[in-house]
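Asker: So the mapping is simple: our numbering equals the position in the sequence shown, first residue as 1, plus 123.
Hint data in this document are derived by calculation from the structure and do not stem from the laboratory. Values in this document were obtained by computation on a predicted structure and should not be read as measured data. Wrong hints could be hidden among the right ones.
As the list claims (entries may be wrong) - Heads up, simulated DSBU-like pairs for lysine-lysine below, C-alpha to C-alpha not over 35 Å straight-line:
hint	residue 1	residue 2
1	K168	K130
2	K127	K231
3	K301	K210
4	K132	K184
5	K168	K231
6	K211	K135
7	K184	K127
8	K250	K231
9	K177	K130
10	K184	K222
11	K250	K177
12	K231	K253
13	K222	K205
14	K211	K275
15	K201	K177
16	K135	K177
17	K231	K130
18	K201	K211
19	K165	K177
20	K177	K205
21	K211	K184
22	K168	K253
23	K132	K250
24	K250	K301
25	K205	K184
26	K165	K135
27	K290	K275
28	K275	K205
29	K210	K132
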Amino acid sequence: MFYKPDKQKKYKYLDSLFKESIDWELIETHWQDLMQVVLSIKAGKILPSTLLRKLNNYSRKNRLYLAYRELGRVVRTKFLLKYIYDKKFREEINAHTNKVESFHNFAKWINFGGEVIQENDPEEQEKLIKYNNLIANSLIFQNVIDETRIIKNLMLNGFEVKAEDLKILSPYLTAHIKRFGDYVVDLSEIPPPLDVEYTFSI
Numbered sequence: 124m125f126y127k128p129d130k131q132k133k134y135k136y137l138d139s140l141f142k143e144s145i146d147w148e149l150i151e152t153h154w155q156d157l158m159q160v161v162l163s164i165k166a167g168k169i170l171p172s173t174l175l176r177k178l179n180n181y182s183r184k185n186r187l188y189l190a191y192r193e194l195g196r197v198v199r200t201k202f203l204l205k206y207i208y209d210k211k212f213r214e215e216i217n218a219h220t221n222k223v224e225s226f227h228n229f230a231k232w233i234n235f236g237g238e239v240i241q242e243n244d245p246e247e248q249e250k251l252i253k254y255n256n257l258i259a260n261s262l263i264f265q266n267v268i269d270e271t272r273i274i275k276n277l278m279l280n281g282f283e284v285k286a287e288d289l290k291i292l293s294p295y296l297t298a299h300i301k302r303f304g305d306y307v308v309d310l311s312e313i314p315p316p317l318d319v320e321y322t323f324s325i
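Produce the complete structure using the sequences and hints provided.
Answerer: Laid out in C-alpha cells, this is it:
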C-alpha cells in the first residue's frame with residue numbers, strides 16, 4: 124500500500140497507486156515518544172518482541188499505536204517506491220530472499236516431525252523453533268567445514284579452484300546427512316586448522 128506525502132500532490136503516472144496521505148502531524152506530535160521507545164530498546168530495557176506484542180494488544184484508538192503505524196507507512200512507501208525504480212535494489216532483494224528461503228527449506232527438511240507445532244504454550248513453541256534453528260546452523264557449519272576440506276585437498280592435488288566456482292557452493296546440502304537415528308554431540312572436538320596457505324585464482 125502506498126501513501127502520499129501530501130494529499131494535494133498529484134503524480135502523472137503513479138497517482139493510482141496511492142490510497143491515502145501521511146499524517147505528518149501525528150508523527151511529529153508523538154516523535155519524542157517514538158524516540159524514547161527506540162532508546163529503550165537500544166538500552167535493553169525492553170525487547171522488540173515485547174513492544175510488538177503490546178502494540179498489537181493496544182486499541183487502534185491508542186495514539187502511540189497510530190503514530191507507529193503512520194511512521195511504518197512512510198518507511199513502507201519509500202521502500203516500495205525504491206523497489207519499483209531501482210533494478211539493482213530488486214536484484215539484491217531477490218538474492219537475499221533466495222538465501223532466506225533456502226535456509227527455511229533446509230530447517231524445514233530437518234524438522235521431520237511435522238510442519239505444525241503441536242504445543243500451545245508460547246514458550247514451548249519458541250523452544251522448538253530455536254532448537255530447530257540450532258540444529259540447522261550446526262549442520263550448516265559442518266557442511267562448510269567439509270566443503271573447505273574438500274576444496275583444500277583439491278588445491279593441494281593441483282586442481283585450480285576459481286572464485287566463480289565457489290560462488291555456486293551451498294551450505295544447505297542434505298544428501299549426506301543421516302536424518303533419522305542417533306546423534307552424538309562432542310563439544311570437545313575442534314575442526315583442524317587449515318595449516319597450508321593458499322589463494323583462490325580469479
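Asker: Decide, hint by hint, whether the structure agrees.
Answerer: Here is how each hint holds up against the structure:
{"no.": "1", "hint": "K168 x K130", "result": "violated, 38 Å"}
{"no.": "2", "hint": "K127 x K231", "result": "violated, 40 Å"}
{"no.": "3", "hint": "K301 x K210", "result": "violated, 42 Å"}
{"no.": "4", "hint": "K132 x K184", "result": "holds, 28 Å"}
{"no.": "5", "hint": "K168 x K231", "result": "holds, 33 Å"}
{"no.": "6", "hint": "K211 x K135", "result": "holds, 25 Å"}
{"no.": "7", "hint": "K184 x K127", "result": "holds, 22 Å"}
{"no.": "8", "hint": "K250 x K231", "result": "holds, 15 Å"}
{"no.": "9", "hint": "K177 x K130", "result": "holds, 31 Å"}
{"no.": "10", "hint": "K184 x K222", "result": "violated, 39 Å"}
{"no.": "11", "hint": "K250 x K177", "result": "holds, 21 Å"}
{"no.": "12", "hint": "K231 x K253", "result": "holds, 13 Å"}
{"no.": "13", "hint": "K222 x K205", "result": "holds, 21 Å"}
{"no.": "14", "hint": "K211 x K275", "result": "holds, 34 Å"}
{"no.": "15", "hint": "K201 x K177", "result": "holds, 26 Å"}
{"no.": "16", "hint": "K135 x K177", "result": "violated, 41 Å"}
{"no.": "17", "hint": "K231 x K130", "result": "violated, 45 Å"}
{"no.": "18", "hint": "K201 x K211", "result": "holds, 16 Å"}
{"no.": "19", "hint": "K165 x K177", "result": "holds, 17 Å"}
{"no.": "20", "hint": "K177 x K205", "result": "holds, 31 Å"}
{"no.": "21", "hint": "K211 x K184", "result": "violated, 40 Å"}
{"no.": "22", "hint": "K168 x K253", "result": "holds, 23 Å"}
{"no.": "23", "hint": "K132 x K250", "result": "violated, 49 Å"}
{"no.": "24", "hint": "K250 x K301", "result": "holds, 23 Å"}
{"no.": "25", "hint": "K205 x K184", "result": "holds, 31 Å"}
{"no.": "26", "hint": "K165 x K135", "result": "violated, 42 Å"}
{"no.": "27", "hint": "K290 x K275", "result": "holds, 16 Å"}
{"no.": "28", "hint": "K275 x K205", "result": "violated, 42 Å"}
{"no.": "29", "hint": "K210 x K132", "result": "holds, 26 Å"}
In this structure, the earlier hints numbered 1, 2, 3, 10, 16, 17, 21, 23, 26, 28 are contradicted, and the remaining ones agree with it.
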